[in-house]
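Q: Just so you know, the sequences run in chain order X and W. Final position of the first sequence in the working numbering is 761; the numbers increase by one with none missing. Final position of the second sequence in the working numbering is 761; the numbers increase by one with none missing.
Do not rely on the hints blindly, as some may be mistaken.
What the hints assert, rightly or not - Reference excerpt, derived from the structure (chain W facing chain X, CB under 7 Å, subset only):
(1) G514
(2) I515
(3) V517
(4) E518
(5) H613
(6) I617
(7) W672
(8) L674
(9) Q676
(10) V740
(11) R741
(12) G749
(13) F760
Stated by the list, open to error - Here are the simulated DSBU-like pairs of lysine-lysine, each with C-alpha atoms no more than 35 Å apart in a straight line:
(14) W:K696 to X:K651
(15) W:K696 to X:K583
(16) W:K583 to X:K696
(17) X:K696 to W:K651
In case anyone wonders, no lab produced these hints; they're calculated from the structure. Cβ atoms here follow ideal geometry from the backbone N, Cα and C, with glycine treated the same way.
2 protein chains.
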Amino acid sequence: MSELAGISVEALRGLPEVTPGFDLGAALADAIDLSDGDVLAISQKVVSKAEGRIVDLDGVEPGSEAIELGTRLDKDPKLVEVVLSESRAVIRTDAERGILITETHHGFICANAGVDASNAPADGSVVLLPADPDRSAREIRAKIAALKGSRPAVVISDSFGRAWRLGQVEVAIGCAGLDPLDDWRGRKDTVGRELTATTIGIADQIASAADLVRDKTSRTPAVRVRGLSRFVRPDDGPGCGGQLRPPGEDLFR
Amino acid sequence: MSELAGISVEALRGLPEVTPGFDLGAALADAIDLSDGDVLAISQKVVSKAEGRIVDLDGVEPGSEAIELGTRLDKDPKLVEVVLSESRAVIRTDAERGILITETHHGFICANAGVDASNAPADGSVVLLPADPDRSAREIRAKIAALKGSRPAVVISDSFGRAWRLGQVEVAIGCAGLDPLDDWRGRKDTVGRELTATTIGIADQIASAADLVRDKTSRTPAVRVRGLSRFVRPDDGPGCGGQLRPPGEDLFR
Numbered sequence: 509m510s511e512l513a514g515i516s517v518e519a520l521r522g523l524p525e526v527t528p529g530f531d532l533g534a535a536l537a538d539a540i541d542l543s544d545g546d547v548l549a550i551s552q553k554v555v556s557k558a559e560g561r562i563v564d565l566d567g568v569e570p571g572s573e574a575i576e577l578g579t580r581l582d583k584d585p586k587l588v589e590v591v592l593s594e595s596r597a598v599i600r601t602d603a604e605r606g607i608l609i610t611e612t613h614h615g616f617i618c619a620n621a622g623v624d625a626s627n628a629p630a631d632g633s634v635v636l637l638p639a640d641p642d643r644s645a646r647e648i649r650a651k652i653a654a655l656k657g658s659r660p661a662v663v664i665s666d667s668f669g670r671a672w673r674l675g676q677v678e679v680a681i682g683c684a685g686l687d688p689l690d691d692w693r694g695r696k697d698t699v700g701r702e703l704t705a706t707t708i709g710i711a712d713q714i715a716s717a718a719d720l721v722r723d724k725t726s727r728t729p730a731v732r733v734r735g736l737s738r739f740v741r742p743d744d745g746p747g748c749g750g751q752l753r754p755p756g757e758d759l760f761r
Numbered sequence: 509m510s511e512l513a514g515i516s517v518e519a520l521r522g523l524p525e526v527t528p529g530f531d532l533g534a535a536l537a538d539a540i541d542l543s544d545g546d547v548l549a550i551s552q553k554v555v556s557k558a559e560g561r562i563v564d565l566d567g568v569e570p571g572s573e574a575i576e577l578g579t580r581l582d583k584d585p586k587l588v589e590v591v592l593s594e595s596r597a598v599i600r601t602d603a604e605r606g607i608l609i610t611e612t613h614h615g616f617i618c619a620n621a622g623v624d625a626s627n628a629p630a631d632g633s634v635v636l637l638p639a640d641p642d643r644s645a646r647e648i649r650a651k652i653a654a655l656k657g658s659r660p661a662v663v664i665s666d667s668f669g670r671a672w673r674l675g676q677v678e679v680a681i682g683c684a685g686l687d688p689l690d691d692w693r694g695r696k697d698t699v700g701r702e703l704t705a706t707t708i709g710i711a712d713q714i715a716s717a718a719d720l721v722r723d724k725t726s727r728t729p730a731v732r733v734r735g736l737s738r739f740v741r742p743d744d745g746p747g748c749g750g751q752l753r754p755p756g757e758d759l760f761r
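In isolation and in its complexed conformation, chain X is listed as follows (with noise of 0.2 Å):
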């Protein structure tokens, strides 16, 4: 039993900064030996940046709503005002430490509906999500088959809190070419019995595998998995949006 498999997680370092327009796709795949069974991992911020998602907050003017709800989370009502035009609903708040937990028009569920001022350009300005988180991960995977030759799946990904647990983690938000859900139901065990209820999330395990590696002070946003070629597809797949738990099915709303 000495034998070792795995995987490499390696970042690329010193991307440039990236603003409004930059091709992405191209640059990572100027950058990046990248082969059809490679996973390349992309944290969410500058994908947003490149592809505009950007406001400023000087321009926004809040409505009661945000008005209210940033006096009583003493949050900024512009900040308030921008989450909640990326939302479709609250699903929690607290004064005290001044949380707003919302769920994205995309269905995630985290805090500020991921608008985020760190690392964004410009002071008073803040990043979104990216409006379809999966088809800017075909868009880059297009791109890099269109100069290269070669379709790695890409993920892209942001750092979410969780309930119960410290410690944000990097999860999936957009994938293509990625099965992003490992099904082992009616599999069997080591000793053949069948394995229950086990659907193991591999495109948010490949995000935070991919985290592992980055520095956020410095520009490493891509990351490069190697080794996992066995849920790499040839086609996009189903994306990330089937990884959401439906409504209906979900006890901690």
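Starting from the structure of chain X, add chain W where the hints point.
A: For chain W alone, coordinates are given in the frame of chain X:
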């Protein structure tokens, strides 16, 4: 921008069947080259088995709460009795889908208190979580140090379901020699602004990364992660207990 730097994640193949009393630390020290900066991630099931945390359901006498809950959830009342004995609170039940989510005596919130029949040693028996997974991790680490002289970090993990998202992901339930949380609060982003509320669940992300190279139908519980020495510490550190969100700050109970 072409330099790649990162980690390797490798599973040990072919660990023998683990039975109560099996010296897991010695077996892993013997099988894997482990250096001071490495992290050894081990899935909970083999740790529990080695520690004899196995219950034969035949010998369990369900109490009235277990009989009531078992009937309502269409679950074996003997299994429910074991789950309740491993729990300090029932958090959610769902009769339609037979779901029982509890808070374990350790403070973990998960389905069935982590009690699991898959990969158990014999039909009719179930495997419990280790009584003190941080202690289990410390003991395995100490054994490796005694036999090999190196002090890799040790993470013990299990796969838990989550609120809002489909797919289980592997999380850390015990660790030794690792900083389980990496606190970025107070550090600056790339343009010099202070990062807010960013604490990263390093131990959980390591657990997830390790799970990507496992095969649940074969015996690959032990995974070496190499390249994260910045999170490995000479002393055993705080363990995973401090990773639990204090109930008073938890908005999703």
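Q: Taken at face value, is the distance from the CA of K651 (chain X) to the CA of K696 (chain W) at most 35 Å?
A: Given pair K696 (chain W), K651 (chain X) holds - Cα atoms ~33 Å apart, limit 35 Å.
Q: Would you check whether W672 (chain W) satisfies its interface hint, that is, whether its CB is within less than 7 Å of any CB in chain X?
A: 5 Å, holds
Q: Measuring from the C-beta of V517 (chain W) to each C-beta in chain X, is the shortest one below 7 Å?
A: 5 Å, holds
Q: For the hint on I515 (chain W), does the least C-beta distance to chain X fall short of 7 Å?
A: At 5 Å from the nearest chain X Cβ, I515 (chain W) passes the 7 Å test, so the hint holds.
Q: With chain X as the partner, please determine if V740 (chain W) meets the hint condition of a C-beta pair closer than 7 Å.
A: 13 Å, violated
Q: Are the Cα positions of K583 (chain W) and K696 (chain X) separated by 35 Å at most?
A: 21 Å, holds
Q: Given the proposed pairing of K696 (chain W) with K583 (chain X), does the C-alpha separation stay at or below 35 Å?
A: 20 Å, holds
Q: The hint names E518 (chain W) as touching chain X; please verify it with the least Cβ-Cβ distance against 7 Å.
A: 3 Å, holds
Q: Does R741 (chain W) meet its interface restraint, that is, does its C-beta lie within less than 7 Å of any C-beta in chain X?
A: 16 Å, violated
Q: Taking only the CA atoms, is the gap from K696 (chain X) to K651 (chain W) under or equal to 35 Å?
A: It holds: about 33 Å lies between the C-alpha atoms, which stays within 35 Å.
Q: Against chain X, with CB atoms and a cut of 7 Å, does the hint on G749 (chain W) hold up?
A: G749 (chain W) check fails; min Cβ-Cβ to chain X is 11 Å, beyond 7 Å.
Q: Should the interface hint for H613 (chain W) be scored as holding, given a Cβ-Cβ cut-off of 7 Å against chain X?
A: Since chain X brings no Cβ nearer than about 15 Å to H613 (chain W), farther than 7 Å, the hint is violated.
Figure legend: structure checked against the earlier numbered hints; hints not met, in rising order: 5, 10, 11, 12.
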